[in-house]
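**Q** Chains as they are written, first to last, in our numbering: chain A, 1 to 920; chain B, 1 to 416; chain C, 1 to 89.
Be aware that one or more of the hints could be misleading.
As the list claims (entries may be wrong) - Below, computed lysine-lysine pairings styled on DSSO-like, alpha-carbon distance capped at 30 Å: (1) A/K624 <-> A/K448; (2) B/K18 <-> A/K358; (3) B/K402 <-> B/K344; (4) A/K448 <-> B/K18; (5) B/K268 <-> A/K51; (6) A/K448 <-> B/K268; (7) B/K344 <-> B/K65.
What the hints assert, rightly or not - Part of the chain C face toward chain A, derived, beta carbon under 10 Å: (8) L2; (9) G20; (10) R29; (11) D31; (12) H56.
Hint data in this document are derived by calculation from the structure and do not stem from the laboratory.
Even for Gly, the Cβ is constructed at its ideal location relative to N, Cα and C.
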Amino acid sequence: MSRRLPTGGVIDRNRTVTFRFNGREYSGHPGDTMASALLAAGVDLVGRSFKYHRPRGLYAAGLEEPNGLVTLGAGASARPNLKLTEIELADGMEAHSVNCAPSPEWDWRSVNQLAGPLLGAGFYYKTFKWPHWHLFEGPIRNAAGLGEAPTGPDPDRYQHRRAHCDVLVIGGGMSGLAAAREAALQGRDVILAETDFVLGGSALWRGDTDTCRAIEHELRAMGNVRILTRTCVFGAYEHGMFAAVEHCLDGTYAERLWLIRAGKTVLATGAIERPMVFADNDRPGVMLASAVHAYVVRFGVLPGQRVVLATNNSSVWPVAEVLRDAGAEVTIVDARSDPAEPPEGVALKAGTLVHRAKGRRRVKAVDLLSRSGASAGALDCDLLAVSGGWTPTAHLYSQMGGKLHYTADLAAFVPQQDDGQISLVGAAAGEWGDYNIDPIWEVPGPGKKFVDLANDVTAQDIAIAAREDYRSVEHLKRYTTLGMGIDQGRTSNVNGLAIMGEHTQRAPGEVGTTRFRPPYSPVTLGTLAGPDSGMTFAPIRYLPAYGWHLEQGALMEEHGPWLRPAAYPRGGEDWQTAAQSEAIHARTGAALFDGSPLGKIEVCGPDAGAFLDRFYVGTASSLKPGRARYGLMLDEHGIIMDDGVFVRIDEQRFLVHTTSGGADRIAAHLEEWHQCEWPDLDVAILPVTNQWAVMTVSGPEARNIVHQLDTDIDLTDFKHMQWREGTIAGLPTRILRASFTGEASYEINVPASHASTLAEKILTLGARPIGIEALMILRTEKGYLHVGVDTDGTTQPQDVGMAGPLKRKTSDFVGRRSLLREDGRRADRLQLVGLNSGDAFLNVGAQVLAPEGQVPGPTDGHVTSSYFSPTLRRPIALALVRAGQARLGEEIELYDMGKRLRATITSPVALDPKGDRLNA
Amino acid sequence: MYRYSAATLLRQAMTDQKGWPAAWRSTSPKARYSVLIVGGGGHGLATAYYLAKNHGITDVAVLEKGWIGGGNTGRNTTVVRSNYLFPESARFYDHSVKLYEGLSRELNFNIMFSQRGMVTLAHSRHDLEAQRRWANAMRLNGVDSELLDREGVRSLAPALDFSEEARFPILGGFVQKRGGTARHDAVAWAYARAASSMGVDIIENCEVEGFEIGPEGPTAVQTSRGRIKTGAVGLAVAGNSSLLAKQLGLRLPIDSLSLQAMVTEPVKPVLDTVVLSPAAAVYVSQSDKGELVIGGGLDLYTSYGQRGNLPTAQRILAGVLTLFPSFSRLRLLRQWAGTVDVVKDSSPIFGRSPIPNVFLNCGWGTGGFKAIPGGGWCFAHTIATGEHHPLTAPFALDRFEKGALIDEAAASGIAH
Amino acid sequence: MLSIPCPHCGLRDEDEFVWGGEAHLVRPRLDCSAEEWAQYLFYRDNPKGIAFERWHHRFGCGQWFNLVRNTATHTIEMSYLIDAQRPDL
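Could you put the whole structure together from the sequences, leaning on the hints where they help?
**A** Structure below.
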């Protein structure tokens, strides 16, 4: 049964598009929404309600639709919970109603209607406590939810764009078009954003489409107006920033997020009609009068032949006229006792209320009630159009803290305009024509009278909330879930709070509204995240010699932001085996380690030494040029922040090395202190980490290899903790003799673009590449600290054996005062030690038990680093142990996920305690 | 107290729901109370309840400037857990979880505490090591914990990205099975109802405007509903702690920042536990209604605006989609923010203040909801006895001078 | 999304900046009391309303500067150089 009128509508009748809904094929025209096409095709049932699974039909024509929710598409491409009224019809679409099984016609959960009397507001707070909520929760979860989530990664892409304009006009109806035109004629840069896919707003059915088209053409001809259709402004933020989502049809992006900074904003967002609250007011065939109006005029669909228009205001007069002109038999049932004359050919029952809608799957008739409370008979009908008044769409205004005032004349909350940045025009400002409302918030009488159709909240639920003292508008919302459905309460909020007011002897203005929150209309998560999720969420950094490492068979692993070689497995061995042999090689031959991510910061200027003295636990200014020293840096709380070797290049120039992870952080730290605390010191801070690649040659054969390089650097008498500079094969080169392996080491710095060349050269001279894993074995054998692994955010320098340098230095430095507090002087702090566990391997994270050995019980620390040492042929470990430095030799017990282990506390240095290898 | 049960529901259904009594008495203030609790959120209401129940003190009023439960109690992501590293934290928060476990029945109000587990994800070998330390520490603290391998995580949260291309590969994690979520508003209402039934006055729309302090401590409080005399004041006004403290002439080690939360449109069940990824700095659960409930890091500057800023929300959502690519096409339904007390070590400030008989319950940072029963329990003890409760003694204000911070995040490298 | 006036670069969106907390803190000497040190490290005015803060234009000129911002409304009153005196407002 087609309900399409023979003429009319802003649709392209020359073309037909086909789509599927709940498994059946339908057709419509370009210009239709899926809602209008279904309505034209005579589909009454579009879904089931959230809680009671009552049959529901289309109720609205716009974003306020509470009933017609579908999943569009399937599998990974599914879009759940779309409103039929927001889907611009396109060929080949497939949609399924949500939350009904198997279909809106037959839904087994409609048995919930039987339990309806039990399921009043708050019922779940009052039961399901015994024996346990868990018994009930599963079935309740399965019953809740609406559509099914997509099943795989999103195939679509989303774009982010920013824009600036003098004037942002939100809403492309007549008021918005006029505001845009006025601003544009004054030479302002204007952006006009409209949610719909055509401009015109309610003028598409209420006014004059030709005038809209004329203004649109005028605007499009101007150079200073950008028109964004299919673009919903959903959020208002500080300082004139608005966020909008554009549905794209260009095929590249599914949606585009606009962040628009506007000098001034005009809200021309119109108003939304309210339902009337009477028994069974949710039956299919009950619709907002404005929706009926839109369907008839904009889409050329006549949703019913015998129409009752139930109203409490005059805004339905034009609706009656278009229905009459389309051939329908129309009766206005008006709550007001002396409304104006009805349009010619339209019947009017004044002083009368619709008391109940009859018919389960389609409204068949209405029972009437006079204002005096007496029955006023019944009327047969197949469409019941309702208007309980209007509410200005002021969400964006409210989001930024704008106040809404209840205006009794309009029975509406109207923006109180007091702000030069944002102005409201047209219906959004409460300006609408002949209205003369007599608000009837709730029609008396029994039955299920829905206030919020999306969440199945009834007038009785509000009465319960009032009785139980959930009277604040926020309590009302939270206790009954009024307005929390996916229509975001567009049609229900004002009716709900006004009914609460009637129960508690308060005017609607005293009850007040809740503050609106973004988004105005639901926004796809993918659009908000845009290109910033997945691999770009935390970008990975690649070494300058990345390709070369792959050629060497490196197994890459993430360390901080960097992808680095963990090991170079050979001939099918696993990475652990490879790391063992790499570590052996470093102790017996020569190893090549790529240390390029090592942080490098040049600190220059006459005060460079004095400046660094204010950071290091040790002293920098006493260092001689060409020499290097190890230092710890603390934050102001005394916590170890970073460590590394610093070099004095010349009198006024230092090179600060940081951990790989600390490079950016320490540069920022030095800058902050310089700019904010000691701007008087004459220094410049220059991060050079990315300029220099570092190839470290380490091991007994390292010296031989370095001597074979084609370098002009004097290598004679080049000792541990010295630094020299010159060239290798004509390239600028810096060599630092410092070691993280315990072997004689040469950290060779060359410009980053030459990293692979140098690495290849060193390889041909006989070094073997080693990865991070081998380096960690080597440094753990030597008890060298790895900040962030062997220390945490509570570790201070005295905990890691740096009490000596602290004592020798008298001047202040960042964090020093914090060490002197009561907690810093405790003798029972966790201190870094070694553990010898014989043949037993200790997992990092195993807990040291207190001497009583109780589990649960107190902890005495934990294992921080643990490896099998191929050189010592036994497990080695470092640990933070309570008062550990005074407990060397003591046997302790450890706990690890149910297992108990034993170990002896030792010095952290397991190999070469005198450092002979370093100077070999 | 009118008992809620299936039987009363049935009886009310037969009488058209007309017999429900008020859940709590919303009253006007009397001239004097022994104890005034400032702040009608979860902590304030729980404190009033335990003052009455554990200590027999019922001459108590809870002063709320707006509507009860309207601050962070009604704005959080409802996670309840006690997976703490330090014994001081674990003891306190586990006490709170245990109280939560019995709360629905004790208060005769279903707060829907759902122990669906809290999974923390490990994305690297370093994460695995850090979490082994954490899980072991929890067991020493007497709190359940289990390490998970990749398959173990998959069985609990199959919607995570287990593909080869995942930006954050899932190597494993650990779970506290007793962790979960509860219905936040219900916690406030349940305590209000129980406290009210024992004689506590709950006074809404009553803003504190000043304190009168004598040598023995407070003598009266000036409010928007008049002057109220009292002998003891407990502050439980998370987010506004510094402002109330200023009225007392105190300064606190607190910054107020916005913490956002957001929900998607409801969908059928896709996530049956709470998932936290330290690397992505986000956590996600699914409510009984079907909404995905999403939280993440704090906003980046101080604010009393109770609204979240967009860049932070976008960052959080990008993190969620990095973990759960199939959530990309779901839609954000609501986004909101609470104002939270941020303390350097992310641990509460609790107990006596420098003024006699003025007590502090603040500094909960992002995690005050899970602490409501424990916080109320211990705060009631402190107010009733004037002494720290052993469980909250480590959280006294003097730790900032001593440097004895209890900094979970710093110790573990894992935000909490 | 704030629009922040960097004194060096002009108005820029907030995602170029990093908030640095209360401005004009005075760092005590090494021999200060534990109480003084705690006040400096931890205790803050944390006002609702006008706040004096320092900000870093990290993804811009790299400079630190001071900003006067209302923490309730997020209105920005002014910005000024990092080493300038606190204005009377």
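**Q** When the structure is checked against the list of hints, which entries are broken? Sort them ascending.
**A** 1
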